[in-house]
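Enquirer: The whole structure should be built from the sequences, with the hints applied where relevant.
Just so you know, the sequences run in chain order A and B. Its first residue numbered 99, the first sequence is counted upward by one per residue in the working numbering. Its first residue numbered 99, the second sequence is counted upward by one per residue in the working numbering.
Note that these hints are calculated values from the structure, not bench results. Quick reminder that beta carbons are idealized off the backbone N, C-alpha and C, glycines included.
Just a few of them, taken from the derived set where beta-carbon distance is under 8 Å, the chain B residues facing chain A:
(1) Thr227
(2) Ile234
(3) Leu239
(4) Thr251
(5) Gln253
(6) Leu263
(7) Phe268
(8) Gln274
(9) Val275
(10) Pro276
(11) Leu278
(12) Thr281
(13) Ala293
(14) Thr296
FRET-style restraints, in silico, Cβ to Cβ:
(15) Leu208/A to Leu154/B: 51 to 59 Å
(16) Glu118/B to Pro207/A: 50 to 58 Å
(17) Gln160/A to Arg188/B: 45 to 53 Å
(18) Gly250/B to Ala215/A: 28 to 36 Å
One side only, chain B facing chain A, incomplete, derived with CB under 8 Å:
(19) Leu230
(20) Arg231
(21) Glu235
(22) Leu254
(23) Arg255
(24) Gly257
(25) Ser261
(26) Met262
(27) Val266
(28) Gly269
(29) Val273
(30) Thr277
(31) Ile290
(32) Pro292
(33) Ile297
2 protein chains.
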Amino acid sequence: MDASAQVERPRRGRRPGPTETRHTVLAAARIRFARDGYASATIRKIAADAGVDASLIMQLFQSKEALFAEVMSITPSALALFAEAFRGPRVRIGERVTRAFFEIWEGDPLNSEPLLAMLRGATTTEQATRQLREFIEARLLTEVRLELPDDGTAQLRVGLASSMLVGVMFGRRLVQVPTLAQTNTDTLVALIAPAVQTILAGG
Amino acid sequence: MDASAQVERPRRGRRPGPTETRHTVLAAARIRFARDGYASATIRKIAADAGVDASLIMQLFQSKEALFAEVMSITPSALALFAEAFRGPRVRIGERVTRAFFEIWEGDPLNSEPLLAMLRGATTTEQATRQLREFIEARLLTEVRLELPDDGTAQLRVGLASSMLVGVMFGRRLVQVPTLAQTNTDTLVALIAPAVQTILAGG
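Expert: In structure tokens form, the structure reads like this:
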């Protein structure tokens, strides 16, 4: 059974409501992203799989990135917080990004729990690893813009800062090393922010 | 069948050679560390499980930490490189630690492959996670000494620097984000070292 056969089923019978359509699109997107990868999976293809108009998908999810974020369980609000932190002046960017990161990973469970699940599952299947790799490269590293004159290292700097912060969460939330897990957020941010500042803005 | 029954078997028949004894001790240690955790598993208990003298274990593995490192597949040479990098003057400690980290994770496969396997498996079973947590807390964070006047944050600083570097390896080696994976080691060290310096020595 191919993806379109699988996800078109809800169209039979009564006309689907908005929630049902949303689920249908997400199911189609999940299969399409997993099969083709982020770059090749187009809204047009996903729309065809789901049996809806591409314009309806844009209306429901705003963009391909936001749709993928939802499929990968990174909530749009988490993405917005992260992108916002990278914007703006160089001064205190380390603190803004570090605080946003803790807010996303330790605040609203709607944002943090899917991220923890993703981190936990990131290396268990080649497919999940590939999806995460493509998402980070295509979405985070290309679209999160450092407002700095770019010497060619801006994308790398965003990647390093993000992966270092993920490493802290790995030790604190997943492995739960006592020294990291028992320290309060403000102390951690105070120690980490200058290092992130150094990575992002060279000090 | 309990641990001692399982690992005493090689004693029957001919007297075991050194390699065989080593394997017997490692098997006993693996079971004992997994069952009791790092802190409670003593050399004496492991010796009893393996049916050998405690002094023979010390002769073969030097210390309980080195034995656990071998069980956890962190090679003694990797541990020595890491501990060495933290020693010495505050100036350039960030570069020493960052370089040592890359040397351990990307140099000799005998050091790096078991670490990658450990990182991959770290969150798959509660037992492996618990072992890793205890190892990091009891061995790395307590014994890797920062030669700095300690304001009470030294252990936390070592933990943060280590977890940030693990995060970089997570993105580079496991998820293989192209931006991180395709950058050469020297460029990465040049960007990361000042951040690690900031974490360890406050800049």
